[in-house]
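S.K.: The primary structure of each chain is shown beneath.
Number of protein chains: 2
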Amino acid sequence: MLGFMNDVAFAETQRAREVVFFSRSRNRLWKKGESSGHVLKVRDIRVDCDADSLLIRVDPIGPGVCHEGYRSCFFRSMASDGATEVIAQRTFDPEKIYAQETKDQETRR
Amino acid sequence: MLGFMNDVAFAETQRAREVVFFSRSRNRLWKKGESSGHVLKVRDIRVDCDADSLLIRVDPIGPGVCHEGYRSCFFRSMASDGATEVIAQRTFDPEKIYAQETKDQETRR
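Sequence order for the protein chains is A and B. Going by numbering that gives the first Met the number 0, the letters in the first sequence line up with residues 0 to 108, in that order. Going by numbering that gives the first Met the number 0, the letters in the second sequence line up with residues 0 to 108, in that order.
Calculated directly from the structure, the hints in this document are not laboratory data.
Pairs involving identical chains hold if they fit within one copy or between any two copies, as the list cannot separate such chains.
Derived SDA-like pairs (lysine to any residue); straight-line CA-CA distance at most 25 Å:
#1 Lys40 <-> Ser71
#2 Lys30 <-> Ser79
#3 Lys40 <-> Met77
#4 Lys40 <-> Asp80
#5 Lys40 <-> Ala10
#6 Lys40 <-> Phe91
#7 Lys30 <-> Asp92
Using the sequences and the accompanying hints, generate a full structural model.
M.R.: Here is the structure:
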């Protein structure tokens, strides 16, 4: 998954060794897994050449990272004509993991 | 590597099946490899759940993607105290690949 961090989110990620983003739509820290329990445990952090992107390798807790019920958020492939196709199988039922209220929050990030 | 695309860059990536970004600092299309020859040939494109990020899997041409001479831009690891360490070996000499002038452009993206 791809997410945004500010300096506080990054400091908290480093402290807890679990990934914390900053939600710009909700204007608050957003710990991945705060409603689902699907936290991302930091294995290691890599910094890119111009130091504005991080590649965080994680041990994901639970059956999937994506709030749509897939292991990865990148569950669709796009052909050269722009058509998309789901290429993964759901690994969990998001309705059972997220109460409707928290799911609405999660998708508004 | 992580880069920004606008709609024109994305359309050109789809057309040529080689990755084209949009450089916001230079305010122009930026085809990866335009000075180095290290183009990224598109293997497949994946779209994330909220359709604002792409994961493009590529066949990279040449010994490395990063303008610093590494295979990947993520050649440094960061410890929990923030200290960074280079964890990869250079695969090419950027001075030989980029003329100084074009290298300066490449790093200003």
